[in-house]
Structure formats: C-alpha cells, structure tokens
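If you read the sequences in order, they're chains A and B.
Residue numbers for the first sequence follow the numbering used here, beginning at 1 and rising by one.
Residue numbers for the second sequence follow the numbering used here, beginning at 466 and rising by one.
Derived by calculation from the structure, the hints in this document are not laboratory data.
Bear in mind that the values here come from a model prediction, so they are computed numbers and not experimental data.
Don't be surprised by glycine CBs; every beta carbon is placed ideally from N, CA and C.
Watch out, some of these pointers could steer you wrong.
Partial pick of chain B residues on the chain A-facing surface, computed with a CB cut under 10 Å [stated by the list, open to error]: (1) Ser550; (2) Glu554; (3) Val562; (4) Gly626; (5) Leu645; (6) Leu647; (7) Glu730; (8) Leu772; (9) Pro776.
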Amino acid sequence: MSETAFVHREGVTRGGSWRLVLERELVDLWLGGKALVLLTLFSILLGITAYLMATNNELRLLPIKEIAYLMLKLVVAFGLFMSLIIGADSISGERERGTLEGLLLTPTSRRQIMLGKFFAALSAWPPAFLVASPLIAVLCRDSQVVSWSLLWGGILGTVLVLGVTGLAMLVSFWSGSNRTSIAVSLIIYLVFLLPTQFPGQAQTGAFGDLLQKWNPLEASNVFLAKVIVNNRTVGEMSSWLVAPILFAILMLSVLFLYASPGLGLEPGRARGRASWGRIAGLLAVAWVVATMLVGAYPTAAASSDSPVQVVVDREWVTARTGDRVEFTTLVKNTSSAATPPLIVAMNIINLQGEVVDPEDWSPQRTQSMDPLVPGASVEHTWIIDAILKGDYLVYMVVIPQPAGQESTSSPVASSGIHLTVTPFTRINPRGVLPLAVGIPLSLTATTFLLRWRRRRAITVGEREG
Amino acid sequence: MNSEDTAATGRTSDAGVQAPILEAEHLKKAYNGRPALRDLSFSLAPGRILGFLGPNGAGKTTAIRILTTILEPDAGRFTIAGIDSRCPEQIRARIGVLPESQGYPKEMTGVGYLTYFARHYGWSAKDAQRLSWALLEVVGLQHRARSLIGSYSRGMRQRLGIARALVNDPAVVFLDEPTLGLDPRGQQELLALIRRLAREHGAAVILCSHLLSEIESVCDDVVILSQGQVVAKGSVLDVIGRARGSGVRVQVPLSAMADAEQVLEALPFVVRVVPKGQGSGWLLVEVLGGSAESNIAHNAVLEALILAKIPILTFEAEGSRLQEVFLQLTEETIR
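Turn these sequences into a full structure, and let the hints steer you where they fit.
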C-alpha cells in the first residue's frame with residue numbers, strides 16, 4: 001500500500017467549500033448536462049422573436065420601449081424556468097441518483113453544500129441575460145431606452161431568480177422524489193402566474209391591485225411595464241418592488257437559516273404518485289411555454305367600419321408588404337341640386353374574411369368636403385400602407401350630412417380597388433439578423449467544442465493510462 | 466461503558482489494549498414511532514475490524530448512518546477519535562465511508578471523482594490529484610483513472626468507492642457490503658486491503674456484510690443486531706463459542722454410514738446418532754455433558770471412527786460457524 005496515499009488531513013478550513021460544490025455542479029450542468037443545450041434553444045427562440053419584432057418595428061407597429069419590455073419578459077421567463085428546474089432537481093435529484101450521501105459524508109457543512117448548489121442553480125440567468133442584451137440593444141437602438149431597460153430588467157430578473165431558485169430548492173429539500181419536486185415547483189410557479197389569467201375586472205379595483213402587488217412575478221411585470229414602456233418614475237412605482245424583494249428575502253432565509261442545517265438523505269415530507277406527478281409536470285410545462293409565447297408576442301387588435309360611394313382612379317393594385325399605395329377619388333355632384341356638406345371615408349376589407357384594422361393601413365381615413373354645386377367635383381388623394389400580405393378590397397363612401405336630428409342620408413359607395421399584397425421580407429431588418437443567427441450558432445459551436453474537448457481529454461487520458 | 470461492551474477486548478490482538486477509537490452508548494432511533502434501533506452500545510479499538518451483522522431491517526444501516534453523522538440519534542451518544550457526536554463535521558473529517566447504495570456521477574472520471582472529494586478535506590487541487598492517483602493504485606484502478614465512471618463495471622465502482630473512503634486517511638472506516646459485485650479474486654484482494662488498512666495503518670474498520678464467511682475470515686469482533694437490538698457482541702471466537710452446542714457433525718462415505726452409526730451408538734456418552742441430509746453421508750452425533758465434557762466426547766468420537774478404520778470426510782463441532790450462530794440468535798429474537 002502506498003504510503004503517500006495515507007496522509008491525514010485535519011483542521012481544514014471549510015469556509016470556501018461551497019466553491020467546490022459550485023464548481024462540480026457547474027461542470028455537471030454546463031458540460032455534462034443539458035443547460036448549454038437549453039440555452040442554445042432559448043437563443044434560437046429569442047433570435048426568431050427578435051427578428052419578428054424587428055420586422056414589426058420596420059412597419060412601426062411596435063414602439064421600441066415595448067419591444068425592450070417584451071424581450072425582457074421573455075428572458076426573465078426563461079431565467080426563472082431554468083432556475084426553477086435546476087433548483088427543483090438539486091437535492092431530490094441527487095438523493096435519487098445516490099450521489100448526495102457521498103457529499104453529506106464530507107466535512108463540508110450542509111449550509112456550504114446548499115450554498116454551492118444554490119449558486120449553480122442561478123447560473124442560467126446571467127448567460128440568458130447576456131444572450132438577450134445585444135438583441136435588445138440592436139432592436140431598440142436608443143441607448144437611453146436600452147440602458148434603462150437592461151438595468152431594471154437585470155435587477156428585477158435577478159431578484160426574482162433568487163426567490164424562485166430558493167423556492168424550488170426548498171421544494172426539492174422537502175420532496176420524496178425528484179418528479180414530485182419538479183411538478184410541485186412548476187405548479188407553485190404557475191399559481192404565481194394565475195392572476196394574469198383572470199378576467200379583466202378581477203385584475204382591477206382594490207382586490208385586483210392587491211393581488212397583483214403581492215404577487216412577486218406580477219408585481220415585477222407591472223413595474224417593468226410602467227417604468228420602461230409608460231415613462232413612470234421608479235419612485236412612483238417603488239411600492240411594486242416590495243413583493244419581489246420580500247419574496248426573495250423570505251425564500252433565502254428559510255432555505256439557509258431553517259432548511260440547510262437539516263439537509264439529509266430523508267426528505268421533509270411529500271410522496272406524490274408518480275403518474276399524477278408526471279401529468280402535473282407536463283401540464284405545468286405546457287402552461288409555462290404557452291404563457292411565455294403568449295406573453296412575448298404582441299396581439300392584434302380588431303375593428304370594424306362602414307362603406308361609402310365615390311369614383312376611384314384604379315381598379316386593382318398589386319403591392320408588397322411595406323409598400324405605400326396612392327390613389328385618388330373624384331366626388332362629383334351629378335344632381336341638379338347642391339349637396340349638403342359631405343364626408344368621404346375610406347374602408348378596406350380582407351376578402352378572405354380576416355379582420356382588418358383600417359387605422360393601421362392609412363394615416364388618414366376620412367376627409368370632409370364643403371357642399372358641392374351641381375356638376376362640381378372634388379379630387380382627393382389617399383394613401384394606403386400595405387402592412388400585411390393578403391387579398392383586400394379598398395372602397396370609398398361618400399356620406400351626405402343629414403339635414404337635422406330627425407333625418408338621415410344615404411351613403412354612396414364607390415367601386416372597389418382590388419389590392420393584392422404579397423409578402424416582402426427584408427433579410428436583415430435593423431441589422432438584427434447577424435445577432436439572431438450568430439448567437440445561437442456560437443452557442444451551438446461552443447457546446448460541441450466543449451464536449452469534443454472533454455471527450456478528447458478522456459480518450460487521451462485513457463490511452464496514456 | 467463496561468468491559469463487556471468493548472468488542473475489542475474479547476480477544477488478544479496485536480493492537481493490545483488500547484483506548485477505543487469509537488465508543489457508542491445507548492443509541493436509539495425510531496421512524497414515525499417505530500423503533501429501528503433500540504439500544505446500541507459498543508466500542509472499537511484502533512486496528513480492529515468489527516463485523517456488523519443482522520438480517521434485513523435489523524437496524525444496521527440506521528446504526529451506520531448514525532455513526533457516520535448522516536442521521537441524528539433520538540437518544541444516546543458516541544465519540545470517534547475522542548470527538549463527540551455533537552460535532553458532526555469534525556467527525557466526518559476523521560471517518561471514511563463506503564455506503565451501501567452509493568451513486569456515482571457517470572460523467573466524471575475516476576481521478577476527477579477522487580480529486581473532488583479529496584479537496585473537500587482541504588487538499589490543494591495538485592495534492593488532491595496526486596493522492597487520487599496513489600489511491601487508485603491501491604485499489605487497482607490506475608489504468609482506468611481517466612475513464613468516465615459511467616464506463617466502470619460494478620466491481621470497479623465499488624473499488625472506487627473504497628478509494629474515496631480513504632482520501633482522508635480515516636481513523637474509522639465504515640464499509641457497507643464492500644465486496645458486493647466483486648469477483649472472487651476481487652473479493653480476496655479487497656479483504657486483504659481491509660486487513661492491511663487495519664493492521665498497518667491502525668484504522669478501525671466496521672464491516673457490514675451478508676457474507677458471514679467473509680466476516681468470519683476477516684473480522685476480529687462482531688456485533689449481531691436483530692430487530693434493532695444487539696443480540697451478541699464480542700470477539701468472533703467468543704460469540705461462536707457462546708452459542709456452541711454439544712453435538713458433532715461427521716461426514717463419512719455413504720458405504721460406511723451404517724458401520725459408523727453402529728460404532729458411534731456403542732459409545733457410552735453418545736445420546737443418539739441421526740443421519741442428516743439424504744444420501745450425503747452426514748451424521749449428527751449428540752453427546753452428553755457441558756462444554757468441557759463435550760470436548761472430550763468429540764475426541765472420543767473421532768478416535769472411535771479412526772480405530773474402526775472408517776474414512777472421515779468432514780468433522781466439525783455443532784455451532785462452530787458464525788452462520789449457525791447468526792441464524793440461531795436472530796431466529797430466537799424474531800420468535
């Protein structure tokens with residue numbers, strides 16, 4: 001037996017042992033595990049979202065502040081989801097794999113072990129934020145908006161990630177199985193998201209306000225929306241910061257002061273049935289993904305309008321999205337009497353029956369006219385922005401002013417202009433494409449490179465051994 | 466703790482009479498009101514190997530987990546190397562453990578795994594790596610040091626676990642089923658390693674195993690648990706001696722069975738001769754008297770068979786094996 005193999009070590013400093021645990025966990029998560037793959041997938045999703053937003057931005061449908069807010073919402077949701085999953089697996093998963101006992105048998109204190117695992121569970125948030133930051137910067141361009149958004153997104157995201165990680169690790173600490181831990185963590189997370197799914201009335205008033213203010217996720221959301229999009233000051237919105245900060249402090253206190261010393265092989269409690277746990281887990285994941293997607297994309301608005309009559313100078317037009325179409329109308333009084341004052345209105349309908357909001361298509365939809373003498377005519381110029389691909393009919397309506405309160409008039413409609421809009425995509429709107437493609441590609445390359453180097457080191461080591 | 470409690474004092478050893486390195490007093494543990502360990506007291510001297518025995522559910526794992534500070538006892542206390550059980554982190558710095566259901570990270574290499582654990586005991590990265598290589602050599606894994614643990618066989622993992630238990634040169638080593646999954650040669654090598662660990666480095670070893678022959682061959686002392694309580698403890702020879710019966714078992718060729726029966730039944734102190742096991746040639750010879758008289762009777766049985774020129778294939782005193790003692794003691798408790 002080699003003498004060098006048996007040298008006793010005693011009185012070692014334990015203060016930094018959490019770093020050993022963290023180091024090990026990071027290797028497991030990012031080199032051996034799926035964290036890098038998930039981050040790569042997230043960067044692809046984020047790249048696609050950014051590209052779509054850039055396209056919308058080109059058409060001036062979304063203000064840049066809203067883009068910054070939506071991107072931040074997406075990255076915070078991903079950061080929380082990752083931290084939740086890693087945290088929920090951190091203790092119960094190691095128990096199930098039988099690797100916790102070895103760690104518990106070292107002189108490293110329970111609290112140091114918990115601390116190392118906690119920091120490892122947080123590790124998905126900074127890279128996710130870093131991946132999103134250049135995309136937000138390119139999409140928004142305005143440096144003030146970018147820095148303000150990143151500052152508050154970073155602060156609130158970090159506070160939420162701290163709290164949610166603490167919560168997931170507590171669940172993991174108490175759970176009898178890893179599946180239960182992940183399912184329960186996701187369900188609790190979804191309960192926090194639940195108020196956003198309530199009907200509008202339930203979210204207003206004193207009760208709704210209370211519900212939102214004391215829900216850390218919703219409070220953070222409202223804070224970010226108001227401070228980034230609606231130009232509200234931090235002072236005005238400071239009361240919305242209370243819930244996320246308290247939530248994080250509470251979770252961390254319970255985790256490190258109460259639970260950590262009791263870290264062991266036996267769970268606190270809870271033994272869910274496997275099948276129920278699986279179903280709950282799947283539903284929870286589906287709900288989170290759906291919420292992320294629904295929350296990230298801007299919703300379309302609806303509208304309606306009414307028809308009128310007039311002579312137009314075109315019968316049909318073919319345009320591409322982003323093009324501007326001009327046409328003129330001629331309103332002529334063919335009767336023998338003067339007309340009352342007239343209103344000329346433009347309308348556009350989708351021939352496939354899809355809802356169209358004419359306000360989005362034209363900067364000016366109505367024009368007023370003075371009374372026309374018999375035989376007189378007036379020409380007007382109209383502009384249409386072709387914003388969405390499709391088959392449309394544009395028509396004009398001339399509405400004579402009714403003579404009084406107890407009378408009406410008959411609008412007169414023109415023939416239609418058949419407008420066909422074909423898609424036109426800029427390959428690199430606002431220069432977002434290199435980042436939208438480059439970041440996922442870099443991450444994919446990094447993933448493969450790291451794994452290849454690891455395998456190579458092992459193969460070389462085996463050969464030399 | 467009285468002298469009877471000290472398992473190491475039951476037998477003369479090279480270690481001589483030394484202060485116990487491990488002393489456990491009245492340890493108790495219950496799960497949801499159901500007692501798992503009723504009252505465990507024993508002590509162990511440095512350099513001694515103690516076999517921890519008991520049927521499934523006897524409380525062995527609970528006892529090991531308490532002594533390795535994974536579980537807290539409901540009552541009682543223990544010390545290891547003079548450190549009280551209320552200082553679990555200091556105790557963990559002085560013990561090495563191979564748990565029964567140890568899991569291994571598949572994506573780590575053997576040397577990486579040991580280095581990681583050595584660093585938990587305060588070794589620098591460089592020293593920890595040097596130590597890991599040395600330990601891998603001790604357990605015969607140096608050729609697979611840089612392979613992923615996921616590619617190790619069960620026996621290799623077991624050896625890696627033992628190496629891990631030695632990273633801090635422990636004062637007390639707990640090995641729970643260490644030969645599980647090893648081939649016969651591997652088992653012998655491991656048992657030799659355990660012996661060397663105790664004899665040359667003065668480590669006290671607590672060995673849990675279902676293989677009673679293994680315990681019998683390697684252990685100095687034994688503690689037998691049944692239903693959470695100690696049913697026997699002391700040196701292996703003492704425990705076997707205490708449970709020994711007055712009979713003797715003899716195996717002769719089948720053709721000589723009738724003659725052997727006749728010769729033995731004619732002896733004055735033989736109560737009866739019973740053939741055991743159909744067609745196996747075994748005879749159970751019950752003799753009169755206490756322990757001292759029965760020893761003389763055993764010699765007489767042997768002498769009579771030799772004089773009658775009956776070939777003796779096997780000759781053993783009843784209750785002379787740990788397995789019989791174990792079955793007898795644990796069966797009594799269960800009953």
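To see whether the hints hold, each was checked on the structure:
1. A cut of 10 Å between beta carbons decides the hint on B/Ser550: the least distance to chain A is about 15 Å, and the hint is violated.
2. A cut of 10 Å between beta carbons decides the hint on B/Glu554: the least distance to chain A is about 5 Å, and the hint holds.
3. Using the Cβ-Cβ criterion of 10 Å, the hint placing B/Val562 at the interface with chain A is satisfied: the shortest such distance is roughly 5 Å.
4. This hint holds: B/Gly626 has a C-beta 8 Å from the nearest C-beta of chain A, less than the 10 Å allowed.
5. This hint is violated: B/Leu645 has a C-beta 14 Å from the nearest C-beta of chain A, more than the 10 Å allowed.
6. Interface restraint check for B/Leu647: the shortest CB-CB distance to chain A comes to about 18 Å, outside 10 Å, so the restraint is violated.
7. The restraint placing B/Glu730 at the interface with chain A is violated, with a minimum CB-CB distance near 55 Å, outside the 10 Å limit.
8. Interface hint at B/Leu772: violated, since its Cβ lies 51 Å from the closest Cβ of chain A, which is beyond the 10 Å cut-off.
9. Here the hint on B/Pro776 is broken, as its CB sits about 45 Å from the closest CB of chain A, past 10 Å.
Checked against the numbered hints listed earlier, the structure breaks hints 1, 5, 6, 7, 8 and 9; every other hint is satisfied.
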